[in-house]
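There are 4 protein chains.
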Amino acid sequence: MTVTVDETTENTIDVLDRGFLALDGAFASDLAVVNAARVSFNIASEEMSERDEGLIRFLMRERHGTPFEHGYFRFLVKAPLFVVREHHRHRAGHSYNEWSGRYSKLEAEFYVPDNVRTQVGKPGAYTFEPVEPGVRDATREEIEAAAEAAFASYERMLDLGVAKEVARTVLPLAMYTKYFWSCNPRSLMHFCSLRNSEHAQFEIREYARAAESFLERLMPVTHAAFIANGRSAP
Amino acid sequence: MTVTVDETTENTIDVLDRGFLALDGAFASDLAVVNAARVSFNIASEEMSERDEGLIRFLMRERHGTPFEHGYFRFLVKAPLFVVREHHRHRAGHSYNEWSGRYSKLEAEFYVPDNVRTQVGKPGAYTFEPVEPGVRDATREEIEAAAEAAFASYERMLDLGVAKEVARTVLPLAMYTKYFWSCNPRSLMHFCSLRNSEHAQFEIREYARAAESFLERLMPVTHAAFIANGRSAP
Amino acid sequence: MTVTVDETTENTIDVLDRGFLALDGAFASDLAVVNAARVSFNIASEEMSERDEGLIRFLMRERHGTPFEHGYFRFLVKAPLFVVREHHRHRAGHSYNEWSGRYSKLEAEFYVPDNVRTQVGKPGAYTFEPVEPGVRDATREEIEAAAEAAFASYERMLDLGVAKEVARTVLPLAMYTKYFWSCNPRSLMHFCSLRNSEHAQFEIREYARAAESFLERLMPVTHAAFIANGRSAP
Amino acid sequence: MTVTVDETTENTIDVLDRGFLALDGAFASDLAVVNAARVSFNIASEEMSERDEGLIRFLMRERHGTPFEHGYFRFLVKAPLFVVREHHRHRAGHSYNEWSGRYSKLEAEFYVPDNVRTQVGKPGAYTFEPVEPGVRDATREEIEAAAEAAFASYERMLDLGVAKEVARTVLPLAMYTKYFWSCNPRSLMHFCSLRNSEHAQFEIREYARAAESFLERLMPVTHAAFIANGRSAP
Chain A
798 MTVTVDETTE NTIDVLDRGF LALDGAFASD LAVVNAARVS FNIASEEMSE RDEGLIRFLM
858 RERHGTPFEH GYFRFLVKAP LFVVREHHRH RAGHSYNEWS GRYSKLEAEF YVPDNVRTQV
918 GKPGAYTFEP VEPGVRDATR EEIEAAAEAA FASYERMLDL GVAKEVARTV LPLAMYTKYF
978 WSCNPRSLMH FCSLRNSEHA QFEIREYARA AESFLERLMP VTHAAFIANG RSAP
Chain B
798 MTVTVDETTE NTIDVLDRGF LALDGAFASD LAVVNAARVS FNIASEEMSE RDEGLIRFLM
858 RERHGTPFEH GYFRFLVKAP LFVVREHHRH RAGHSYNEWS GRYSKLEAEF YVPDNVRTQV
918 GKPGAYTFEP VEPGVRDATR EEIEAAAEAA FASYERMLDL GVAKEVARTV LPLAMYTKYF
978 WSCNPRSLMH FCSLRNSEHA QFEIREYARA AESFLERLMP VTHAAFIANG RSAP
Chain C
798 MTVTVDETTE NTIDVLDRGF LALDGAFASD LAVVNAARVS FNIASEEMSE RDEGLIRFLM
858 RERHGTPFEH GYFRFLVKAP LFVVREHHRH RAGHSYNEWS GRYSKLEAEF YVPDNVRTQV
918 GKPGAYTFEP VEPGVRDATR EEIEAAAEAA FASYERMLDL GVAKEVARTV LPLAMYTKYF
978 WSCNPRSLMH FCSLRNSEHA QFEIREYARA AESFLERLMP VTHAAFIANG RSAP
Chain D
798 MTVTVDETTE NTIDVLDRGF LALDGAFASD LAVVNAARVS FNIASEEMSE RDEGLIRFLM
858 RERHGTPFEH GYFRFLVKAP LFVVREHHRH RAGHSYNEWS GRYSKLEAEF YVPDNVRTQV
918 GKPGAYTFEP VEPGVRDATR EEIEAAAEAA FASYERMLDL GVAKEVARTV LPLAMYTKYF
978 WSCNPRSLMH FCSLRNSEHA QFEIREYARA AESFLERLMP VTHAAFIANG RSAP
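Chain order of the listed sequences is A, B, C and D.
For the first sequence, the numbering used here gives the first residue as 798, with consecutive numbering after it.
For the second sequence, the numbering used here gives the first residue as 798, with consecutive numbering after it.
For the third sequence, the numbering used here gives the first residue as 798, with consecutive numbering after it.
For the fourth sequence, the numbering used here gives the first residue as 798, with consecutive numbering after it.
Careful: at least some of the hints might be erroneous.
Same chains, same names: a pair is fine if it fits in one copy or spans any two.
The calculated SDA-like cross-link candidates involving lysine to any residue, where the alpha carbons are at most 25 angstroms apart (straight line), are [unchecked claim]:
no.: 1; residue 1: LYS975; residue 2: GLU941
no.: 2; residue 1: LYS975; residue 2: HIS885
no.: 3; residue 1: LYS919; residue 2: ALA889
no.: 4; residue 1: LYS961; residue 2: SER901
No lab work stands behind these hints: they were computed from the structure.
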């Protein structure tokens, strides 16, 4: 009735220059959606039928969300802090545990974007376009130099005996961290509807695309209905 | 890293006279708790050690709850309506889908208690004691007769062509229903701390005991720490 | 910046034959939505402008939900149990405390519908139509008689000394109960989008209409945008 | 039945060197707790009595949490990013909207600690002690210099036409931001139990102390019971 995916390299997707999203495990299936819905009629399916596929499309379209809560995904994520700050705003149906800079020394890994862009258009209708190669290189150098200078400052304070929780305050939002993320299919779709979207910042969108690919792999009918519904989560 | 339990008869526990609680599937382990906690130091365990067991006891005692959210249990439950009403008050980290009386005809199955009791003591300090055999028999007859009369009334209204959603309003709280219930280890412990308790009503306690036995089976270290902590959930 | 409504009779709306929905208090305004949204630009409004109204319509349309969470409504509700069971399924952003039949004797008040209907059409496309007057009268008599018989049985068991928590199991879903309900504007809109809907059962829809009228009174711009958006909650 | 506090200067508490926590509004009272609890017996209080105070102490001690959900606090907070990251982990019953660096330019305001400390002791039993004056001054200079260098780098990239959402990635965790925070009395107590604690980092503890002072002001009986219960939230 369910598909279980264990940790293997095929479950790790590289994201950005140094990050990744790995499916650490899952217990999720289209059939669980169907059965959670059919229990309202006191009936169950043993395997997916065409009618069951139609039911999932119906549930998605009519925004009957609760049957999509009966599943589970657990990811291990490595992402820059500014991405994590956006990610962790998602609350209902999401759980997180993250690497802490209070008691362990952080590592000198920073996101340096390939995709350097400029913002064009008016408030409410911004779009982004790549910058000139010269600006791109200058930006990458700025970010790299700023990150290295900050990390050097961090280490100097640690050498002085300053507590890690104080010294870390100089570290930049480009720094990578790691965290476990658990969610259910419904909360995963909410995340993807907001973050695998043209309105989302490029970097978090890369993580959302990676996460959505696991939804597609484990729950193909649900994912197809989600796409057909314009990525509007139920 | 995880234990997966598929639907088999050994995963169904009979509860009360006609009810049950069945583990429909799970993805839960003590190791996932440990790794969710250890990610704060950017380290991981591959299998449980004695130190890991100590960590789980520490997390439970200090009420660090989030590492216990990275797991999943899905149950199929058959229970009387008055139990369901108490159960579904548990919100954070719990998902439910239930048999609906709006579009399908309900079945004539009712809870008739073996354990008929009387309430003794003063407000705030009630306890319950078994009634005399004669009162017990009279009570069982009352409940059975009332349930049958209500169901007969329900069927008469259906025969008149009245909508199921109207006719069902005469049905009693003793009637059995069915539902899927998903939760994580932390929300399961919250449920058990309040409902597998001497303060809980006998009937829901039977369901909580059954649910807790699956926590014990899949996450023995977590369960032992939960018990050692006086069933106070983290 | 806020509107506070204290308990007065004008805040009580009669619902069904013996129920009500009363606004027990609120702290909610359109301006709070605007300011929660404008904080992303580090600016604030002191009173609503036309531009602010446009902002609320934009947030609703684009499903930016979080700015609608910064407000509060508290209701006291009297409703039949079958309505309460549907209501309390709404979890995120909702809080409830209800009259308990474990320790206090319940009262003989039951919902007897004026609006007796029959269900027509096929699964997935049901509609409801009024029954003939004769069927309506027969149904009302059935429900009234069943409720009275159940309550008499309840009282006989109490007279025998049986615990209230056991005796109450014969009581029907038509019985009235009371509860406090707290929510925020966003969770209130989610409730209204699902329950003030033609797909919802007539009786809960009456409660949702009443609740929505308080949203309209305290947050008129938000409510107008909600309606313009087809009652699709952000 | 409720106390409403409007925005005035007396509702703003300065926190750290440049931050604050301001009560933007509230709708909260001890009486609402009492009435949410007493509705289980279908009774209500019009004003607090000694018995009502005892009831609140009982609810707190026995961890009956739901009656504490029927109230509302809304704060406007200015805090450094590393504090915000800890704060926003609190999910159930909390809502946030924050200043965004995607579309508006951030300001050069950074937290430079007076309280520079060193970490002593072993893992699991750390404590913090002030550093020598020389180390303190060197640390303050490090943090100030690092923040200024990062902000200069941010501005250089903006001058090059780089999108704000890219340029901001060099900014440090010491930078101040602003956000609205809504919660209920129960979720506020959960926050205070974890963050107004000797285990919490000094800086977030300052915010938690400020927030707790508003709980004390508006719900004095609840706050006293919370303290008597060792700040263990119900």
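Hint-by-hint comparison with the structure:
1. For a Cα distance limit of 25 angstroms, the shortest separation of LYS975 from GLU941 inside one copy, 20 angstroms, qualifies, whereas the shortest one across copies, 27 angstroms, does not.
2. In this assembly of identical chains, LYS975 and HIS885 lie within 25 angstroms of each other by CA distance both inside one copy and across copies; the values are 12 angstroms within and 17 angstroms between.
3. Taking the shortest Cα distances, LYS919 and ALA889 never come within 25 angstroms of each other, neither inside one copy (33 angstroms) nor across copies (35 angstroms).
4. For the identical chains of this complex, LYS961 and SER901 are intra-copy neighbours only, at 7 angstroms inside a copy versus 31 angstroms across copies, given an alpha-carbon limit of 25 angstroms.
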